[in-house]
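There are 2 protein chains.
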Amino acid sequence: MLEKKMFPVSLDRVQVEGEFWKEYMELVRCHVLPYQWEALNDRIEGAKPSGCIQNFRVAAGLQEGKFQGYVFQDSDAYKWLEAVAYSLMWHPDPELEKTADETIELIGKAQQPDGYLDTYYMINGLEKRFTNLMDHHELYCLGHMVEAAVAYYKATGKRRFLDIAAGYVNCAYEHLGLEEGKIPGYPGHEVAEMALCALYDITRDQRHLKLAQYFIDQRGQKPLFFDLECQKNGNQCYWDDTYMQKQYYQAGLPVREQEQAQGHAVRAVYLYSGMAEVAAHTEDAGLFEACRRLWDNITTRQMYVTGAIGATEHGEAFSFDYDLPNDTIYGETCAAIGLVFFARRMLEITQDGKYADVMERALYNGVISGMSLDGKAFFYVNPLEVNPEACQKDYHKRHVDLTRQKWFSCACCPPNAARLLSSLAGYAFEENPRELYVNLYVGGVLDTVKDGKANRLRMETRYPWDGQIRIQVENTEKTPFTLALRIPGWCGRYSLRVNGELWEGTPEKGYARLDREWENGDQIQLELEMPVRLVEANPKVREDVGKVAVMRGPLVYCLEEADNGDQLPQLYLAEEPDFQASYQPELLKGVVAVRAQGKRVSQAGWGPERLYRTYTGKRYTEAALTFIPYYAWANRTPGEMLVWVRI
Amino acid sequence: MLEKKMFPVSLDRVQVEGEFWKEYMELVRCHVLPYQWEALNDRIEGAKPSGCIQNFRVAAGLQEGKFQGYVFQDSDAYKWLEAVAYSLMWHPDPELEKTADETIELIGKAQQPDGYLDTYYMINGLEKRFTNLMDHHELYCLGHMVEAAVAYYKATGKRRFLDIAAGYVNCAYEHLGLEEGKIPGYPGHEVAEMALCALYDITRDQRHLKLAQYFIDQRGQKPLFFDLECQKNGNQCYWDDTYMQKQYYQAGLPVREQEQAQGHAVRAVYLYSGMAEVAAHTEDAGLFEACRRLWDNITTRQMYVTGAIGATEHGEAFSFDYDLPNDTIYGETCAAIGLVFFARRMLEITQDGKYADVMERALYNGVISGMSLDGKAFFYVNPLEVNPEACQKDYHKRHVDLTRQKWFSCACCPPNAARLLSSLAGYAFEENPRELYVNLYVGGVLDTVKDGKANRLRMETRYPWDGQIRIQVENTEKTPFTLALRIPGWCGRYSLRVNGELWEGTPEKGYARLDREWENGDQIQLELEMPVRLVEANPKVREDVGKVAVMRGPLVYCLEEADNGDQLPQLYLAEEPDFQASYQPELLKGVVAVRAQGKRVSQAGWGPERLYRTYTGKRYTEAALTFIPYYAWANRTPGEMLVWVRI
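If you read the protein sequences in the order shown, they are chains A and B. To convert a position in the first sequence, counted from 1, into our numbering, add 6. To convert a position in the second sequence, counted from 1, into our numbering, add 6.
Bound conformation, chain A alone (with noise of 0.2 Å):
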């Protein structure tokens, strides 16, 4: 049957206490959080006011002023409060929670009798609302604004936010649909899908899944709306003039018709990612066939081996099959995390750890990648490969940056970081009432009830820097369940102990499925062999013919300027290199480091006098390589980086 057959699981219930993680979340709850807190409120020295919470106060009559910042400002308050809302399921701070609920009330203060909610237009004219929904991301920010309302509802139970968020979800049904009198229109950036059907899932008002529904079905339809829009506007569409035309917003066919991933990256994965909830909200067949058609296509021949998605910067977005550049990608962190939304649901509805699998390359490269160790600088963009002087000189390379950059004055990675990495649990576990999958290897301490008992499970491990992961089960009565746990794609070899017994069952779609009366006492030990390996790409990827990547676990690796010098391209690794993996607790807040024999093109008779000479065959010098973690490059001093390393 198609549908969600899992769920994440409650984030008050799982303390997060696996080191890799716990730091991340906690750079978010105490760092990330309170800095955008005072860049939402203009309190920064020295950066471009926000005009975020301005905008609010102005829209509610509570100050004179003008809209402040881009159209979409708004939405950098709800995915705040939504980041807020996860990090008080796991760590309650009532001061936090109370400037939550004021936010939420000067937001509610705002709102329009009718519901309609947006400070761009209700501060410069609320008779132009709905008239651009192409570029003017009224209904982005309603999508954002219902994620929130949603994750404050869990957690708090306060409905305030809800309400407000329903209210504008009504309203925009009001106002557009195919209905006599009504706009024929959709969203230009995507994400009201996704969250209209969580809404519904709280809400259970038809309305909410209808207009997720509309919005899907409707999107791509000729005649195209959004020339329609163009018209009455007498506007241009910029990207009517590139190959991409419409399909920049994956709106220039129907979506159950797209057959490639296409246009604005992030806009694209959160586009699918709403497909998917529709179709598993409305047992839709085509609908997830159009979603499995486009995860094929994106994880088949456009995404990184880092997770990375969005091969160019020009439109920010997916190419071509196969065109996967690691010097002019463009791969958002916001589109990573996308692919990690995408990938979750993909999962849900199929428990198939293939998408896990995906998630988990994401998440451990080219999401976390987009953040600084210290978690203060942000990365929009995630280069595989970098030469300095190219990102100074060469054009084409400028949306390049070197190292990460404090704030942007378009602050969408960070939030959406921090909203990431702060339900991050919710990602690593997932449930129904017989089943606990374990997604993701984080450790730590969850609750569950499962037929209609307490169970405890304490997980240990120090993954992703090994593979042993230890599991107790702690219960006051035993407990029939499933526990599933992943063996993830990369892994070759792995060992599964219950009390101390060998599990000699196979994997069903990459889970050991472990269906037991639970224990008190009971002892899981599952080891994933965590070699480092080499990996290389489809030959049909121009970019990396000849080279390969180094890969240890979930974690690609990188080599950088700071431990192998620079001209990195000039570097090979040996044909069948002994790694040498080990722990260094110095290095970069704590890594496994990588070291192998390789070699470099000898620079013998290329005096600076010669670009070209006669081919000498091919001679090298020795040269011990070192990798770190892709991850965490960029945290030194400033240099060059290559993740597809010469063989």
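Honestly, the hints are just simulated from the structure, not real lab data. Any given hint could be a false lead.
A pair holds if it fits inside one copy or across any two, identical chains being indistinguishable in the list.
Unchecked claim - Restricting the straight-line Cα-Cα distance to at most 35 Å, the calculated cross-link-like pairs of lysine-lysine (DSBU-like) are:
{"hint": "1", "residue 1": "K134", "residue 2": "K164"}
{"hint": "2", "residue 1": "K238", "residue 2": "K72"}
{"hint": "3", "residue 1": "K624", "residue 2": "K605"}
{"hint": "4", "residue 1": "K515", "residue 2": "K360"}
{"hint": "5", "residue 1": "K515", "residue 2": "K624"}
{"hint": "6", "residue 1": "K360", "residue 2": "K624"}
{"hint": "7", "residue 1": "K382", "residue 2": "K360"}
{"hint": "8", "residue 1": "K28", "residue 2": "K459"}
{"hint": "9", "residue 1": "K54", "residue 2": "K228"}
{"hint": "10", "residue 1": "K134", "residue 2": "K228"}
{"hint": "11", "residue 1": "K456", "residue 2": "K11"}
{"hint": "12", "residue 1": "K54", "residue 2": "K160"}
{"hint": "13", "residue 1": "K382", "residue 2": "K104"}
{"hint": "14", "residue 1": "K595", "residue 2": "K160"}
{"hint": "15", "residue 1": "K188", "residue 2": "K228"}
{"hint": "16", "residue 1": "K484", "residue 2": "K54"}
Using the hints provided, position chain B relative to the given structure of chain A.
Frame of chain A; chain B shown alone:
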């Protein structure tokens, strides 16, 4: 002594007969020039009207109308007249000369009483003249007018055009300079500098040389004139937001302080050519040192193996040392032509064959690659690696065309190629009273007077298809002079015989100097061994690590999809290939194609469903590789192309 030590032979004394270049010259004469004349007169059906001739008519008061085209539209007429002049010298054509005379008369009618002559300002308002030297190309048009006038005077002996041009130059001299009341400006797009030196060589009017010298000396002096001009005009320099800033115009520093070729590549090499001219005319050793430095920077850091320059589309510019991407390259045909201009001047001053080597490299590769084999279509951009899908879908490669275009709204490269090709003999043969230099082996008949006696040299060769060159001397009196034959830098082994006797001398600076009394019937046989050879790039060129280029004689070779299938980056050349080079009369109008053993990365196990897998070692299938001369690419079915092949 710092001066030019040789000069191009007069074009009316040479009949080029070698089939390779004769073909190009006839294409220019019979197709390009007539076609361009139609274009200048807006008679090409379906093409956007040029307005060029009409602008002169409007400016002359012969008809009503607005200015049409680019601010530099006048230069199209001048480039056409220059090419016509060269053509008339080796192929007299009274009708063509009449058309040219009439055009010159029209230009003369448009000239202002004070000599000023730029139709953009004459039509749009003379009060604005000389107010936007940075971007409005007034002095660029002046430069091309002068170049054309000098050529036309040499071709016909008629002074009319020369007087018109000198009139405009003298007007510019009155208005530009450091003297009180003058505008301390210089050209935004260089070319006038070298043109004025050529004018001075005829007029011996000191003002003409002084203006050239002033343009060179004042360029980049602080405070920057272009900054002052922008302030005055209240506008902003587009390039100030890039790392280039005023170096886009080579005007960020005094030219003597410029260490690196920077900015718009065509502008740059035009400037350097002008600097070499002024240095030679004024015995300015410091200025010549700057020329040498910039030359070295280009040829040892920033030049493609094809002689293409200008690594980046952004600003059609040089980027930085060793940055030579093969697929996002600009490599404008005009820039390679400009490099030929620069090379010839350095050669004339130094008589050092290393400059002729670069001249030959650019001519046989990066210049003629700009023109289709039928002379009807042209490339602006000359890439070394092309993936058709990327040209369409990668915004950063949108400037790279798969097929040459019929004409251009900005018709810069085709007429520039025309004027170079129709004056080719002047690059091939240079002389002074005591010496005749053969820089290029083009084949044909040359008349020269040495020691007061008429001498005719007949050169027979199939160069570049083989390295056999026969020269016969014909005279009625024995004549003492030096015949200096270039031994190309690419040539590892050669033999030279005079009347059958082996020459055992040592070339000086790349030239075998045969200094003797030449008698009627003297025979010279030069055999340049021309094996296929492999070339490697300095390992600092990231794009070319692990790759080689195939060359034979002066020609760079490439792989095309038509011969080798698609996915060319999957191909490897054998480490020690046994090359088969054979002339194929039916292929691409007759070329020597090169075949060699190679291999292709194995596709085994790569279904469409996989993007990454565990590395399985190096696996290949055998593949026979076929290389064609680079200049001839894109004359068959459009497809992939690749110069640097993996080895």
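Same-copy or cross-copy closeness of K595 to K160 [CA-CA at most 35 Å]: The answer is within: 34 Å in one copy meets 35 Å, while 75 Å across copies does not.
Intra- versus inter-subunit Cα pairing at 35 Å for K28 with K459: within (28 Å within a copy, 94 Å between copies)
Homomeric proximity label, K54 with K228: Cα distance no greater than 35 Å: Between copies, since 34 Å is at most 35 Å while 42 Å is not.
Alpha-carbon proximity between K484 and K54, which holds within one copy, between copies, both or neither at 35 Å: Result: close neither inside a copy nor across copies, 58 Å intra and 85 Å inter.
35 Å Cα threshold - placement of K624 relative to K515: between (45 Å within a copy, 31 Å between copies)
Status of K360 relative to K382 across identical chains (alpha carbons, at most 35 Å): The answer is within: 33 Å in one copy meets 35 Å, while 54 Å across copies does not.
Alpha-carbon proximity between K360 and K624, which holds within one copy, between copies, both or neither at 35 Å: This pair counts as between: shortest inter-copy Cα distance 27 Å, intra-copy 41 Å.
Intra- versus inter-subunit Cα pairing at 35 Å for K456 with K11: Only inside one copy: K456 and K11 sit 15 Å apart there, 97 Å across copies, limit 35 Å.
Up to 35 Å CA-CA - K160 versus K54, copy category: within (33 Å within a copy, 64 Å between copies)
Intra- versus inter-subunit Cα pairing at 35 Å for K515 with K360: Cα proximity of K515 and K360: one copy only (7 Å, versus 66 Å across).
Alpha-carbon proximity context of K134 and K228, limit 35 Å: Answer is within: at 24 Å inside a copy they meet the 35 Å cutoff, but 52 Å across does not.
K382 and K104: within-copy, between-copy, both or neither at 35 Å Cα: within (25 Å within a copy, 75 Å between copies)
Checked against the numbered hints given earlier, this structure breaks only hint 16.
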